[in-house]
Amino acid sequence: MSPLPGYNVLREQDRSHMLDKIGVDSIDHLLDFIPTDLRLQNPLDLPDPMSEWQLTRHLKELAAQNENTDSHVCFLGGSVYDHHVPEVVNYIASRGEFLTAYTPYQPEISQGLLRVLSDFQLVVGRLFDIPVVNCSVYDGATALAESAWMAISASSIHRLIVSDNIWPEHLAVLQVYMANRKVEIELIGHDAHSGKIDQADLDIALQQPAAAVIAQSPNCFGIVEDLKEVIHNAHQHEALAVIGCYPTSLGIIEAPGTHGADIVYAEGQSLGLSLAAGGPTMGMIGTRESLTDYLPGRLVGETKDIKGESALALIKQEREQHVRRDKATSHICSNQALMALRSLVYLSLMGENGLRRVATLSAQKAHHLCAELERIPGISRSYQGPFFNEFCLDLTVNTATLLDKLRQQGFHAGINCSANNKDAQQRILIAVTETQSLATLDHFATAFAQTIDQIS
Amino acid sequence: MTPGITLKSARRVSVFDLSQPGMGGSGITDPDFDGETLPTELAPVATRAKTGLPELSEIDVVRHFTRLSQDTFGVDLGPYPLGSCTMKYNPKRNDTLAELPGFAHVHPAQPADSMPGLWTLFHQLQNHLAAITGMDAFTLQPAAGAHGELTGLLIIRRHFESLKQNRSVILIPDSAHGTNPASAAMSGYICKIIPTTTEGTLDVGAMREMLNDDVAGLMMTNPSTLGLFDPNIAEIAAALHENGSLLYYDGANLNALMGLVRPGDMGFDVIHINTHKTLSTPHGGGGPGAGPCGVKAFLEPYLPIPVITQDDDGEIKAQFDRPLSVGRMKSYFGHVTILIKAYCYILSNGAEGLRTVSENAVLSANYIQSSLADLLPPVFQQRCMHECLLSGGDLDVDPFDFVKRLIDFGVHPPTLVGAGCVHFSDDYDAAMLIEPTETESLAVLDDMIAQFRKVAREVELARYMIETAPHTTDVAKIITDEPAFLSMLEADKPSSAKTS
Ligand SMILES: Cc1ncc(COP(=O)(O)O)c(C=O)c1O
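Protein sequence lines correspond, in order, to chains A and C. Counting from 1, one number per residue, gives the positions in the first sequence under this note's numbering. Counting from 1, one number per residue, gives the positions in the second sequence under this note's numbering.
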């Protein structure tokens, strides 16, 4: 007997039995309510099916064509970082019970998952120092867009003041999300020396009412912003402060919530998620209690079962699309729950000391490398503000050529920020995580110097 | 607090309860850096003294989360006929293949020519999705179904902008999933709702009356969320197109159609596919999924950037310079690992396999419908597609209670009003949407049917058992109108709510 096609499990005798029960004699007959002229006449134009071993070989071949962090030392950042992912994270996230459940609509059989999501809310709340956190949105960029909409809904003011040193991709997504919702986005500049938000620009922008001031720290140059000042300024003018952050950095840098941010958003990839060519990652949003009703997505809370015992369930669903439809706070349905699980396991493994060490090691290594590179003639730091683990360098050689030569030596040396850059012609953004050894950093610095020498 | 030995109690324990000062962070060391001294320049701004994160040993983490997993029901544990969610078995091999280092360890900002394997995969996947759906071009960027909807609606907007037409209305059937109107609102459209006829189809007459030059499009899923194929689809498409409007396909129900009917052939102009439903990705407790968006050729210029295309000399590239594009929908390229799973699924099945998937999905739903007809008559007296909408109106017990009792017999409840992701109008408030999927064998289907019958017998014999179900879970029935409180740490609670 030949095997059933694909992953199907109904044998021919099963299908006959089922057709009998339904009272039709064939699948065609079963589907006769579909107008015949709509029925596909030919088989789908797809390759022949593969066996498991053929498929594995094929995927391995495709995978082998991609350079990656095993083949090249990775100094790329830009919101996604090559931090270490402890094996326990992979192990727990591959448990079939978690992996094959869906949104816990049936709380009685989902208490484990609900506890995970509830603890995610609590732990991230600690990290951001903000009381209310949702169960994730798609990624950092959409987290920003959703946060901005929260501020607009809460204030009924359709104007946003956005610092021009947030991630360019985040800004691009924000613009798309706001494009048809009658929202004015006013970009404010950064100080050419420090790389931080230009406070004078912000002051001017705040002369008109705004729903929110949106800033990110560390910003897209890696520089830690003076959030306290920015947030204070926003509040003085009755604008909400929507602050983007890099969760790992919060192991050592004061949380946005501590400075009084009203909404904190983040790209959560650094918390135990693989790079995966950029997805799936995870968007995180936290807020003050008074803004809870504007939050997008799932929220977990405590309730009681009919015996009066405490239990967890999805709550405040009246915000969501399946209840409120076009009046919902957001359209999000499927979210990034598995990534939330990963980051909760990650943060539980790291704890107070571990996250602090990851952050400190990343910063130590980045500062070490930066100092080494700064010694090379023709290289200068783009900005003087304090950076966390990512920094910009201005070059006197062609950035693309430099990156290319370094790639040939086994390095993905950084992100080329030379295009559309007002401050400098040739610029590179370099990120360092805890995973690079001193030897690697020094080897890289040497290669960097030699290559610059060669091409200048 | 120690967790105790029974796994059932794990749910009562938060990671904060398991915290022991000094634990955690094992292995985060480096011989050459102390991991403590802050760089001089950073020190003045790196002033956070404490995060308040819990401190656990690795074994406590492993045990706690393993126990929590055991208090979570997934497809790996039993049938999950949650209508509209396509909770089928997703092949394990795909999960492993998507995590190959050559995919999982790729940084998205790497040079474009450093990941040719991924470009090839994306390009092939786009072609396969086009073949399955009858569309001309795809973007793989959207993160989920709802995100695909937003993408598609923004494409529709761009289309009318380029025609210099100002159309502000999107028509949506009353049975549509909540994401449809929510996405329409997010793209700046006003939603107008089309009623459903007593036969369960879109009311074409009512729709015609709503058509005018303000209508940008109609969002529809076919089969609908009532599990029915709308045979008038060609007429609907013609009427829309005659009006200069576009037809959007919500592909959440594509599991019923592969190899049988293609959205492109039905007249749809823009679609999304929930690959996590139809093309296999375990739902992960709520996500992530992926929602590729497909268009007919005339809408291709509006696809979000980057667009993955093959140029004349055969090279596959990510194009950014697309002046008419709607812009960027999310960071980078999309949910890459989820897309890899979809690719694997398509290649394992082939054309015949995929057609059989859909045939069997439809067959199984009709088998359930026929087998339960005496007990739970179909809401609409006709054959269904891949899910059946059955009426619990004759049950003499609240359907909400009825389905909770199924839990005790190992079956996940089907979708009900207010207990699942689908919206039903009040007319169907006793209805259940059952989607068995094609991956359950006949023996499992028969067992599921037997469990429904067992519960039905209890209505007379042991009504109390139904009304207080489930009984086999650690928590008892949870009623949604109980007051609920956000999970918050004691320290964050407003002072009035603090227990101490
Ligand atoms: C009919 C329908 N449309 C849209 C969606 C939204 O898809 P997603 O959850 O992937 O955003 C769903 C998901 O449940 C659905 O069932």
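By construction, these hints were calculated from the structure, which means they are not laboratory data. There could be a bad hint or two in this list.
Claimed, not checked - Residues from chain C that face chain A, not an exhaustive set, calculated with beta carbons under 8 Å: (1) Val61; (2) Ala144; (3) Arg157; (4) Leu163; (5) Asn166; (6) Val169; (7) Ala237; (8) Ala238; (9) Glu242; (10) Met266; (11) Glu300; (12) Pro301; (13) Thr356; (14) Leu363.
Being a predicted model, the structure only gives us computed values, none of them experimental. In this text, a Cβ means the ideal position worked out from N, Cα and C, and glycines have one as well.
Outcome of the hint check:
no., hint, result
1, Val61, "holds, 5 Å"
2, Ala144, "holds, 4 Å"
3, Arg157, "holds, 6 Å"
4, Leu163, "violated, 16 Å"
5, Asn166, "violated, 12 Å"
6, Val169, "violated, 12 Å"
7, Ala237, "violated, 10 Å"
8, Ala238, "violated, 13 Å"
9, Glu242, "violated, 19 Å"
10, Met266, "holds, 6 Å"
11, Glu300, "violated, 18 Å"
12, Pro301, "violated, 16 Å"
13, Thr356, "holds, 5 Å"
14, Leu363, "holds, 5 Å"
Checked against the numbered hints above, the structure breaks hints 4, 5, 6, 7, 8, 9, 11, 12 and satisfies the rest.
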